[in-house]
Amino acid sequence: MTVFENISYGLKIHRESAQNVHKKTEKIIHLVGLEGLSERSPAHLSGGQQQRVSLARSLVMEPKVLLLDEPLSNLDAKLRVSTRLEIRRLQQRLGITSVYVTHDQEEAMTLSDRVVIMN
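Per UniProt numbering, the very first residue in the sequence shown carries number 1; after that it's consecutive.
All the given hints hold, so there is nothing to weed out.
So the derived label-pair ranges between C-beta atoms look like this:
hint, residue 1, residue 2, range
1, Ser41, Arg114, 37 to 43 Å
2, Arg89, Val115, 17 to 23 Å
3, Lys23, Glu70, 29 to 35 Å
4, Gly47, Asn20, 28 to 34 Å
5, Asn20, Gln105, 38 to 44 Å
6, Thr97, Ile13, 21 to 27 Å
Listed next, the in silico DSSO-like pairs over lysine-lysine satisfying Cα-Cα at most 30 Å (straight line):
hint, residue 1, residue 2
7, Lys12, Lys27
8, Lys64, Lys27
9, Lys23, Lys64
10, Lys23, Lys12
11, Lys24, Lys12
12, Lys78, Lys27
13, Lys24, Lys64
14, Lys64, Lys12
Keep in mind the hints are simulated off the structure, nothing from the lab.
Because the structure is a prediction, the values reported are computed rather than measured.
Note that CB positions come from ideal geometry on N, CA and C, so glycine has one too.
Using the sequences and the hints, build the whole thing.
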(Lines of atoms letter the chains of each structure in order from A and count residues from 1; the text may use other names and numbers.)
(Lines give C-alpha, C1' and ligand atoms only; values in the text may rest on other atoms or scores of the structure.)
Protein backbone atom coordinates (compact mmCIF):
# COMPACT_ATOMS: atom_id res chain seq x y z
CA MET A 1 0.00 0.00 0.00
CA THR A 2 1.43 3.39 -0.96
CA VAL A 3 1.32 6.55 1.15
CA PHE A 4 -1.53 7.86 -1.04
CA GLU A 5 -3.53 4.62 -0.67
CA ASN A 6 -2.89 4.55 3.07
CA ILE A 7 -4.11 8.11 3.61
CA SER A 8 -7.14 7.74 1.31
CA TYR A 9 -8.27 4.39 2.76
CA GLY A 10 -10.92 5.85 5.11
CA LEU A 11 -12.43 7.95 2.35
CA LYS A 12 -12.75 4.90 0.10
CA ILE A 13 -14.39 2.90 2.89
CA HIS A 14 -16.92 5.72 3.29
CA ARG A 15 -17.58 5.47 -0.46
CA GLU A 16 -16.46 8.99 -1.36
CA SER A 17 -16.27 9.70 -5.09
CA ALA A 18 -12.91 9.03 -6.74
CA GLN A 19 -12.57 12.73 -7.52
CA ASN A 20 -13.27 13.69 -3.90
CA VAL A 21 -10.84 11.03 -2.61
CA HIS A 22 -8.08 12.35 -4.85
CA LYS A 23 -8.76 16.01 -4.01
CA LYS A 24 -8.91 15.53 -0.22
CA THR A 25 -5.92 13.19 -0.14
CA GLU A 26 -3.71 15.53 -2.18
CA LYS A 27 -4.73 18.44 0.04
CA ILE A 28 -3.76 16.57 3.22
CA ILE A 29 -0.51 15.28 1.70
CA HIS A 30 0.45 18.89 0.99
CA LEU A 31 -0.71 20.05 4.43
CA VAL A 32 1.46 17.54 6.32
CA GLY A 33 4.47 18.01 4.05
CA LEU A 34 4.57 14.65 2.27
CA GLU A 35 4.70 16.01 -1.29
CA GLY A 36 6.64 13.73 -3.62
CA LEU A 37 6.23 10.71 -1.33
CA SER A 38 2.71 9.60 -2.26
CA GLU A 39 3.87 6.63 -4.36
CA ARG A 40 6.29 5.27 -1.74
CA SER A 41 5.55 2.56 0.75
CA PRO A 42 5.32 3.86 4.34
CA ALA A 43 7.89 1.20 5.27
CA HIS A 44 10.45 3.14 3.21
CA LEU A 45 9.87 6.43 5.06
CA SER A 46 11.60 7.87 8.12
CA GLY A 47 9.92 7.66 11.52
CA GLY A 48 8.77 11.27 11.32
CA GLN A 49 7.34 10.77 7.84
CA GLN A 50 5.50 7.66 9.02
CA GLN A 51 3.98 9.70 11.86
CA ARG A 52 2.83 12.28 9.30
CA VAL A 53 1.17 9.53 7.23
CA SER A 54 -0.65 8.34 10.33
CA LEU A 55 -1.76 11.86 11.20
CA ALA A 56 -2.83 12.53 7.60
CA ARG A 57 -4.89 9.33 7.56
CA SER A 58 -6.86 10.71 10.51
CA LEU A 59 -7.08 14.31 9.31
CA VAL A 60 -8.35 13.42 5.83
CA MET A 61 -11.59 12.25 7.46
CA GLU A 62 -12.16 15.77 8.83
CA PRO A 63 -12.88 14.67 12.40
CA LYS A 64 -14.51 16.96 14.94
CA VAL A 65 -12.22 15.58 17.67
CA LEU A 66 -8.79 14.05 17.15
CA LEU A 67 -7.44 11.61 19.76
CA LEU A 68 -3.66 11.30 19.86
CA ASP A 69 -2.41 8.63 22.27
CA GLU A 70 1.37 8.95 22.81
CA PRO A 71 1.96 9.70 19.11
CA LEU A 72 5.61 10.66 19.57
CA SER A 73 6.76 7.92 21.92
CA ASN A 74 8.68 5.97 19.25
CA LEU A 75 10.61 8.99 17.89
CA ASP A 76 14.06 10.20 18.93
CA ALA A 77 14.29 13.40 21.00
CA LYS A 78 15.17 15.77 18.14
CA LEU A 79 12.43 14.46 15.87
CA ARG A 80 9.96 14.48 18.76
CA VAL A 81 10.40 18.25 19.21
CA SER A 82 9.91 19.10 15.53
CA THR A 83 6.94 16.73 15.15
CA ARG A 84 5.33 18.14 18.30
CA LEU A 85 5.49 21.64 16.84
CA GLU A 86 4.11 20.38 13.53
CA ILE A 87 1.14 18.73 15.28
CA ARG A 88 0.39 21.97 17.14
CA ARG A 89 0.58 23.99 13.91
CA LEU A 90 -1.78 21.61 12.10
CA GLN A 91 -4.23 21.54 14.98
CA GLN A 92 -4.41 25.33 15.10
CA ARG A 93 -4.59 25.70 11.32
CA LEU A 94 -7.43 23.20 10.98
CA GLY A 95 -9.23 24.25 14.16
CA ILE A 96 -9.63 20.66 15.33
CA THR A 97 -10.28 19.88 18.97
CA SER A 98 -7.59 17.43 20.01
CA VAL A 99 -7.20 15.18 23.01
CA TYR A 100 -3.50 14.45 23.43
CA VAL A 101 -2.55 11.66 25.84
CA THR A 102 1.05 11.77 27.06
CA HIS A 103 3.26 11.08 30.06
CA ASP A 104 5.70 13.77 28.91
CA GLN A 105 5.13 17.03 30.79
CA GLU A 106 7.01 19.09 28.20
CA GLU A 107 4.79 17.72 25.41
CA ALA A 108 1.69 18.48 27.45
CA MET A 109 2.73 22.08 28.10
CA THR A 110 3.82 22.72 24.51
CA LEU A 111 0.71 21.33 22.84
CA SER A 112 -2.13 22.25 25.11
CA ASP A 113 -4.46 25.10 25.80
CA ARG A 114 -5.75 23.13 28.79
CA VAL A 115 -4.18 20.30 30.78
CA VAL A 116 -6.01 17.53 32.61
CA ILE A 117 -4.02 15.41 35.05
CA MET A 118 -5.33 11.95 35.81
CA ASN A 119 -4.17 9.60 38.51
